[in-house]
Amino acid sequence: MRLDEVDARRGDRLVLQGISLELRPGVTAVLGPNGVGKSTLLDVLNGSLVPSAGTVEGKRQVATALQSGDLARRTALSNVELALAWWGVPKDQRQSRAQGALDSLAVGHLADRRATRLSGGERRRVHLARAIAVHPEVLLLDEPFAGLDPEARAALLSDAAGVLRAAAPTVVVVVHDREEAWAVADRLVVLLGGTVAAEGLPGDVLAAPPTAEVARFLGYTGELRTPEGRLLTRPVHTRLVLGGRPAQVVRRAAREDDVLLDLRLAEGQVQAAAPYPGPQVGDAVQVEVTGGVRY
Amino acid sequence: MSFFWDGLTEAWGLVTDGDPYLWHLVRITLQVTGLSTGIALLAGVPLGLLLGLGRFRGRGTGLALANAGLALPPVVVGLVLALLMFPRAPLGQLHLLFTLKGVYVAQTALAFPIVVALVASAVSSLPPGLVAQARALHAGRGQVWLLALREARVGVLTAAVAAVGSGLSEVGAVVLVGGNIEGVDQTLASAALEKVDAGQFSQGVAIGIVLLGLIAVVMAGLTVLQHRDQL
Numbered sequence: 001m002r003l004d005e006v007d008a009r010r011g012d013r014l015v016l017q018g019i020s021l022e023l024r025p026g027v028t029a030v031l032g033p034n035g036v037g038k039s040t041l042l043d044v045l046n047g048s049l050v051p052s053a054g055t056v057e058g059k060r061q062v063a064t065a066l067q068s069g070d071l072a073r074r075t076a077l078s079n080v081e082l083a084l085a086w087w088g089v090p091k092d093q094r095q096s097r098a099q100g101a102l103d104s105l106a107v108g109h110l111a112d113r114r115a116t117r118l119s120g121g122e123r124r125r126v127h128l129a130r131a132i133a134v135h136p137e138v139l140l141l142d143e144p145f146a147g148l149d150p151e152a153r154a155a156l157l158s159d160a161a162g163v164l165r166a167a168a169p170t171v172v173v174v175v176h177d178r179e180e181a182w183a184v185a186d187r188l189v190v191l192l193g194g195t196v197a198a199e200g201l202p203g204d205v206l207a208a209p210p211t212a213e214v215a216r217f218l219g220y221t222g223e224l225r226t227p228e229g230r231l232l233t234r235p236v237h238t239r240l241v242l243g244g245r246p247a248q249v250v251r252r253a254a255r256e257d258d259v260l261l262d263l264r265l266a267e268g269q270v271q272a273a274a275p276y277p278g279p280q281v282g283d284a285v286q287v288e289v290t291g292g293v294r295y
Numbered sequence: 001m002s003f004f005w006d007g008l009t010e011a012w013g014l015v016t017d018g019d020p021y022l023w024h025l026v027r028i029t030l031q032v033t034g035l036s037t038g039i040a041l042l043a044g045v046p047l048g049l050l051l052g053l054g055r056f057r058g059r060g061t062g063l064a065l066a067n068a069g070l071a072l073p074p075v076v077v078g079l080v081l082a083l084l085m086f087p088r089a090p091l092g093q094l095h096l097l098f099t100l101k102g103v104y105v106a107q108t109a110l111a112f113p114i115v116v117a118l119v120a121s122a123v124s125s126l127p128p129g130l131v132a133q134a135r136a137l138h139a140g141r142g143q144v145w146l147l148a149l150r151e152a153r154v155g156v157l158t159a160a161v162a163a164v165g166s167g168l169s170e171v172g173a174v175v176l177v178g179g180n181i182e183g184v185d186q187t188l189a190s191a192a193l194e195k196v197d198a199g200q201f202s203q204g205v206a207i208g209i210v211l212l213g214l215i216a217v218v219m220a221g222l223t224v225l226q227h228r229d230q231l
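The listed protein sequences correspond, in order, to chains A and B. Just so we're aligned, residue 1 is where the first sequence starts under our numbering, counting upward by one. Just so we're aligned, residue 1 is where the second sequence starts under our numbering, counting upward by one.
For the record, the hints were derived by calculation from the structure and aren't laboratory data. Mixed in with the good hints, there may be bad ones.
[To be verified] If you want the ones that stay clear, here's a sample from chain A, every Cβ over 10 Å from chain B, calculated:
1) D7
2) G11
3) P33
4) L49
5) D70
6) R73
7) L82
8) P90
9) A131
10) L224
11) L240
12) R245
13) V250
14) D258
15) L260
[To be verified] Listed next, the stretches of chain A that the computed footprint assigns to chain B, with coverage defined by at least 3 CB atoms under 8 Å from CB atoms of chain B:
16) 83-89
17) 179-186
[To be verified] Sample of chain A residues lacking proximity to chain B, with all beta carbon distances greater than 12 Å (derived):
18) L42
19) T55
20) P210
21) P235
Glycine is no exception: its CB is placed at the ideal position from the N, C-alpha and C atoms.
Okay, chain B solo, but in the shape it has when bound (with noise of 0.2 Å):
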């Protein structure tokens, strides 16, 4: 128990002091957060949409490619990846292996069919008379997509809730494709493991703690926005 101990009081002596090896990890932290689940919502919202509003054949494929990417084992993703960036492999000559670049890659490839599966399940929850009636009055697309954003919000920001978490928390993928070097591409998560393979298990308490607090008003954030018309 005394681990805990000294992890919360080192956590809170990390951020207090202003620690510059924990604002890094904050910092890389949240700019691979940020930077993943935005790509993720600008290319899993649209694609989203298409499968849960649209009437084309390959949808059923399509909705069941998205859920089974719900389920992507991040381990498995990360080593698919790995493999790819490695110097002679089709994506070698990016550069992208052991870099904060590659794991914006690797993180984004798993925060998008969160954002397709959850988007497209919302909007095609959505009363259908609402989207039919508009297509009725001669709404374009683009109002129609509007009209099933806007009333299907709770689902689409539980779809950015669900790929920031994603990014916040995830290891596996962001070691291997990273290789989890400090000052570089480490996070919070990644940097937590490190301590406790190390055996310095009051830091990685420390860090986890620090992770923590940071899922904590990050999603406080998110679920204000979710829920304002009810809050």
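Here chain A stands alone, though its shape is the one from the complex (with noise of 0.2 Å):
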């Protein structure tokens, strides 16, 4: 699937110009803030807005998982069969492909159980076995991970990544969350602004991303004026050092196995991590940039 050149609108409102995407084989997952177009994107890739501007080729047969994930008042297996009724699959084959896609997300054992006794992950799961048990061509998600608890989302991202690998040709998830991308994702697109910002391996994105509003997108929090530019940095290209550039901090915050600190140097500001408890607010420290990409 390929678009050209697409614009859609919200009413009055264009909230995607001039997207143009090919759709590979594998996961790609889009990235993107608030509010950007990601799940507009999804309603032009499964038909259900036609764009204002451009062309969409090389349709093909899409199922879309929603965010919302609501499921029927009836047990999960017979949701998911409800769901292969639905994409017109024969009655003979529903129970064992229903059962089978539940099994693959590891809620077999719920197949009888009705969907108000589920827990949310659990929930999310059946609802994620919906879309995979029809087997399209392209399968779209919208959020799949949104909404869960930490516990039951780093357990679905585990099982979900070679599960969409297996479950369509071509499959697009859209995620608000950097962590999710990296989980599931074998292809990035950043959408910024309603356009496509960036698109490509994951690693190649997040090493060089193609401008500084992507960077800054992806976490590249620090900044410092160079003789050769700016140079936007990560946490991780920054660590305190005997002998290094003098900073002094100016926030803190306390995490779950360190402190992230915001530091000040006379060419700008970074974000570095230390070892609990690390230093105070106006501690004056030492650092080494290692790394970052210049603008």
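Using the hints, put the two chains back together into the complex; each one sits in its own frame.
Here's what the structure looks like:
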């Protein structure tokens, strides 16, 4: 499937502008801030929203798992069977395919449990099972990991990575969180300002964001002025060392395993992680900056 | 207070003696209720689904009209229909005035907006993701409607209960259109009214008690059906 110079509107608002994108086999994660048009892009891909300009070529059999994940008041197995009926799967194949999809998402043992008695994480797995059971050519998932507690989310992310690759030749997952993208995606598309701001292998996009805006969105929170231009850095590029550049701690935030420090230097500001308890606000420290990207 | 005691005694006598007058009233009442509710459900459920689930211009107006229909004064409906059924009026050729068929029409006209409004309300209250997900997995309109009816079954049966309740207890439109003719189109409710008008209070109370018993039995059945998942 390929989108060529696609514009899309929601009412009077132009949400997507000049989107050109080729969907390749594998799992593509679409990452972007709230309201940037990620769900609108899925609507264009599944045909429920007609672009106001541009073309969508090579239309395929597309299944979409929406963000809400509401289930019918019936058993988990029956919910998946119902989805197969909507998809037009013959009745004699539905039960085995539904059970297989539930098994692949580790909820096969809950097949006979009513949806109202499932936990949030279990419901989300049954919801995903509905979408993967139909075996579409293109599978679109809208924020499948949103709204789960951290434990359920981590477990689902771990299980979903393999399942999604087997679910359909081409999978597009809209994610809100970078961690989710790194966990499941073969390719990454960054949407900013209603357009494709970056596209490529996740590691490549993270290592060399094409613009400063993309870099900032991907967690390049530090900025130093250098003779060669602006150097944007992530916390991983900066460490506290003796004999490094002088800096002062201007803010600190305790995290589970360390503290995240905002450090002011003569050339700008960077973030760095330090082992707990770390320096306090106002302390003078010395840092070494060993990476980053220049713009 | 003696009216109530006399009425209770008379009601017991009417039921246990198998009084043909009473059983005719019960039969006509059930006929009017069943037919009007059936037609209202057949026509009103699809329209309620369309208004509740559809996305089209004029949906808001349709919903407002259906909701307004809930408050239709039966006397006004009866009066308008009676005027339309006069020999020289638009429906005059159908010879519905002062007939049982006319009562069916009047009661259906009252039950129809009840069904439309309550079904629309029930299905539009479903989790929005449920119906949208069905559409996203290529469910046809019929499949979406079946899903919505099944998921909103408590609300849909509430519509049926309300339509049945209207059919069992309605008087104004039935009397105006049917003429309250004994042995032809008189129902339990309109017969009770006639007895009270004639000063036969204990008979009116007796028929009223039978009507209440009938309502209790019918509504108990519908309530069991409505909440069988929870009961």
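Taking the hints in turn, this is what the structure says about them:
{"no.": "1", "hint": "D7", "result": "22 Å, holds"}
{"no.": "2", "hint": "G11", "result": "13 Å, holds"}
{"no.": "3", "hint": "P33", "result": "22 Å, holds"}
{"no.": "4", "hint": "L49", "result": "12 Å, holds"}
{"no.": "5", "hint": "D70", "result": "4 Å, violated"}
{"no.": "6", "hint": "R73", "result": "6 Å, violated"}
{"no.": "7", "hint": "L82", "result": "7 Å, violated"}
{"no.": "8", "hint": "P90", "result": "15 Å, holds"}
{"no.": "9", "hint": "A131", "result": "7 Å, violated"}
{"no.": "10", "hint": "L224", "result": "46 Å, holds"}
{"no.": "11", "hint": "L240", "result": "48 Å, holds"}
{"no.": "12", "hint": "R245", "result": "52 Å, holds"}
{"no.": "13", "hint": "V250", "result": "44 Å, holds"}
{"no.": "14", "hint": "D258", "result": "39 Å, holds"}
{"no.": "15", "hint": "L260", "result": "36 Å, holds"}
{"no.": "16", "hint": "83-89", "result": "holds (count 5)"}
{"no.": "17", "hint": "179-186", "result": "violated (count 0)"}
{"no.": "18", "hint": "L42", "result": "9 Å, violated"}
{"no.": "19", "hint": "T55", "result": "22 Å, holds"}
{"no.": "20", "hint": "P210", "result": "32 Å, holds"}
{"no.": "21", "hint": "P235", "result": "37 Å, holds"}
The structure fails to meet hints 5, 6, 7, 9, 17 and 18 from the earlier list, while all remaining hints are met.
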